[in-house]
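Each chain, written out:
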Amino acid sequence: MTNKDTKELQVKPKQEIKTATEQTRPGLVFTPSVDIFETDREITLLADLPGVTAENLTIDLRESTLTLTGEVESTGGADEEGLLLEYETGKYNRHFSLSNLIDQSKIDAKLNDGVLRLTLPKVEEATPRQIKVKAG
Amino acid sequence: MIYRRFFNFPTWGFRRPSEELDRLRKQMSELYGALTEGAIPMLSAGVFPLTNVTEDSYNYYVRAELPGIKSDELDIQITSDGISVSGERKIPGEGNGVKYHRREREAGKFSRSINLPCEIDVNAVEASLENGILTVTIPKAEVAKPRQITVK
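Chains as they are written, first to last, in my numbering: chain A, 1 to 136; chain B, 1 to 152.
Please note that a few of the clues may not be correct.
Straight-line distance between alpha carbons at most 25 Å, and here's what the computed BS3-like set of lysine-lysine pairs gives [stated by the list, open to error]: (1) K90/B / K109/B; (2) K132/A / K122/A; (3) K14/A / K106/A; (4) K7/A / K26/B; (5) K70/B / K91/A; (6) K110/A / K122/A; (7) K14/A / K145/B; (8) K26/B / K110/A; (9) K106/A / K99/B; (10) K12/A / K145/B; (11) K12/A / K91/A; (12) K90/B / K12/A.
Because the hints were derived from the structure by calculation, they are not lab data.
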């Protein structure tokens, strides 16, 4: 089972946020699953946001807090009756605090097949520079 | 219909010796529901992907959240009384020089099959994958569609 190729996906129920700031509109709020990784030049964030369209996604970065909010329009007609209901839909919301300085003018966001790819380039000062020590 | 048949006890019209036990259980779950602020208990088969099946008079709708999966990576099979969805979710590597802070998204194979309560029209099934949500519209077979009957 350690072989990555044959791994079976396990069910991971959507994480509902219970302690979020109080809602003024009804509806459930979920935490999206994310991958965050960093290179010398940038921080990349991948988030699973099924059902969110580009128009309904808000990415907000202020005072080093990154906020993702995705609205999901409910699917299905009014006269549909549930036979088997295993998941619910609702908003997505998640906050991140960023330690590095981000170059806000170069932020790039792409949304493909319900996955957001957010590239946050670091400002020049934050990219590490190797300093060679000369002998002598 | 599956849902109603198995989980809505009041639709069972027979008097059973366990009736008293059911009543007690109902009261217990009501009490539990009041404590957890009305959270809807979700009954799940525990197989990826989590699926919602709904029906109207003419169609069944099977929906599943499959973010990051391309339509050609999905294999949907239809039989006369059910549907099976299988595929593999791939998360490409991001190179060697990266340092991960969070890794919550998972890759792997999946396979799920669902039986539908009545006959379907196998030739008219449509599937779409939009924004990571799979929707399969399965028309019911002519014999299974409701018919309006006028009283003379």
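So, going through the hints one by one against the coordinates:
Restraint check: the Cα-Cα separation between K90/B and K109/B comes to about 9 Å, which is no more than 25 Å; the hinted pair holds. With a CA separation close to 23 Å, the supplied pair K132/A and K122/A stays within the 25 Å bound. A threshold of 25 Å between alpha carbons decides the hint, and for K14/A with K106/A the separation of about 32 Å lies outside it, so the pair is violated. Our distance criterion of 25 Å between C-alpha atoms is broken by K7/A and K26/B, whose separation comes to about 40 Å.
A threshold of 25 Å between alpha carbons decides the hint, and for K70/B with K91/A the separation of about 23 Å falls inside it, so the pair holds. For the given pair, K110/A sits about 18 Å from K122/A by alpha-carbon distance, which is consistent with the 25 Å threshold. With a C-alpha separation of about 34 Å, the suggested pairing of K14/A with K145/B is violated against the 25 Å cut-off. With a CA separation close to 48 Å, the supplied pair K26/B and K110/A exceeds the 25 Å bound.
Only pairs whose Cα atoms come within 25 Å are accepted, and K106/A paired with K99/B is accepted, the gap being roughly 21 Å. With a C-alpha separation of about 35 Å, the suggested pairing of K12/A with K145/B is violated against the 25 Å cut-off. Straight-line distance between C-alpha atoms of K12/A and K91/A comes to about 17 Å, which keeps the hinted pair within the 25 Å bound. With a CA separation close to 17 Å, the supplied pair K90/B and K12/A stays within the 25 Å bound.
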